[in-house]
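Protein chains in written order, with the working numbering: chain U, 1 to 270; chain X, 1001 to 1270.
Just so you know, these hints were derived from the structure itself, not from any lab. None of these values were measured; they are calculated from a predicted model. Even glycine gets a Cβ: it sits at the ideal position worked out from N, Cα and C. You may find that some hints are simply not true.
Said to hold, decoys possible - Now the in silico label distances, taken between C-beta atoms and shown as ranges: (1) Pro1042/X with Ala183/U: 23 to 31 Å; (2) Glu1020/X with Ala184/U: 26 to 34 Å; (3) Pro1042/X with Pro179/U: 21 to 29 Å; (4) Ser1178/X with Asp6/U: 46 to 54 Å; (5) Ala184/U with Gly1190/X: 34 to 42 Å; (6) Lys1005/X with Ala183/U: 42 to 50 Å.
Said to hold, decoys possible - Far from chain U, by Cβ distances over 10 Å, these chain X residues were calculated: (7) Ala1115; (8) Thr1138; (9) Glu1139; (10) Asn1153; (11) Pro1179; (12) Ala1183; (13) Met1216; (14) Pro1218; (15) Gly1239.
2 protein chains.
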Amino acid sequence: MRLTKDQTDQYHEQGFLLLESLLDPQEVELLRAAFERDARIPGPQRVAEDGGTKVRAVYSSHQRQPEYAGLIRDPRILEPVRQLLTDDVYVYQFKINAKPPFGGDKWAWHQDFLAWRLADNLPAPRQVNIGVFLDDVTEFNGPVIFLPGSHANGLVSEGRSDSAKSAQHLDPDDISLSPQQLAAHVDRCGMTSPKGPAGSVVLFSPEIVHGSSPNMSPFARRLLIATYNDTANLPRPTGEPRPDYVVCRDTEPLRPLAAPFSRALSGVTA
Amino acid sequence: MRLTKDQTDQYHEQGFLLLESLLDPQEVELLRAAFERDARIPGPQRVAEDGGTKVRAVYSSHQRQPEYAGLIRDPRILEPVRQLLTDDVYVYQFKINAKPPFGGDKWAWHQDFLAWRLADNLPAPRQVNIGVFLDDVTEFNGPVIFLPGSHANGLVSEGRSDSAKSAQHLDPDDISLSPQQLAAHVDRCGMTSPKGPAGSVVLFSPEIVHGSSPNMSPFARRLLIATYNDTANLPRPTGEPRPDYVVCRDTEPLRPLAAPFSRALSGVTA
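Can you build the whole structure from these sequences, using the hints too?
Dropping the structure here:
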């Protein structure tokens, strides 16, 4: 699947592009079932809710579940990513967030690339993020909010804030925009949050300023975020690299499947 | 101004009614200026942000500012309230919340009447709330979220939760619905949040389940909430009554002005 000129223009101008209902309901069911399965596998890739036993997030499911190994190679997703970035891309990070009800995540406003540059010494913002809605996303259950066009001038600040708690640990607050920076950007860019039925996919820039709205609904809301990186732009960690489930080490260029992942499932290996 | 049959039906069925752009932009300016003025008056009625000097909320401005004394008697507001409730009403509580950016208020889901029954021994849910938007309300700056129709069966729980921190102090968490109660109500009622330009007014039931969405924008967002009570339904506090700026003691029935507050201003006394 190739994006139209209008679609690539929108991605480059706005810093994001929503593809509504890209996956069909049966495919969403397959992905949900794979997440339920994967969330039962113990290990550091599974992050529990504070003080709870419920799963808050699971990393690197594409390394364990064929549905997700297929999804990241699905032509409806991988071809647009290659079109926006370059032919040789791999998945740098893969995460499914169960976005628990009643808050949870803090809504620090940030740019992803600053985090990756600081944590992994990633050379350039040569990434495309995809967000796959595993549940309907509404204004009430924690949509991501973008400042459209805020990616266009690169990083707002170059380093972590002075109040950084630790040189080792990267707290979202350390890389968040100041209230003044945010106010100036909102004045110029406004705010928008892509919403849509389960199966919708949003592509977004690693430099777009975004925040996460809290989940006001009483139900968990699952969102998959995969980050594709240019294979010519590998991280160069100066110290101990972050674990493989956070920053994937399989940097072989991905090739698109011939068919949607749901039809190709039997032939896919993780 | 009288509500139509459709409007009163909607209020009774849904538990709320939005009157978009009821006040004009010049009137909104008058009200904002009066708030700025009132927010400079020191006293317990002025609530500061945690650890800050900024104003989070101001109570009982209608007792000090003629614009607000006029507003609560404005025929566009008082007549619909009387139509929904009874001819003899007074303002039980009046508050302007500056809804600071980046969170602030916790989004406990609750029913107002439970709080008033517990705190003030208010006999019956014979109130109408009005919310006046002093700024545009969008999905991003902290709209109130209603569960439509959730008022219809009265109070979900009859007392404060077992975890109540104190018998004296009423914490919003003490009166909030449990996650199970909320999930059941959202399943049945759904969620909705009235939005609109500054000058819009939302009327809502004291028994509707509602929560407050955090303000994701970098700008404060001012919302006025006034609660009208039936004069035949006065609170009967068993101990020390709450202060006059929180629970107003002037229970004289309000009479509608002959004209909008902005035109009647010169003739109004607080």
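State the violated hints by number, sorted upward, taking the hints as numbered earlier in the document. 8, 9, 11, 12, 13 and 14
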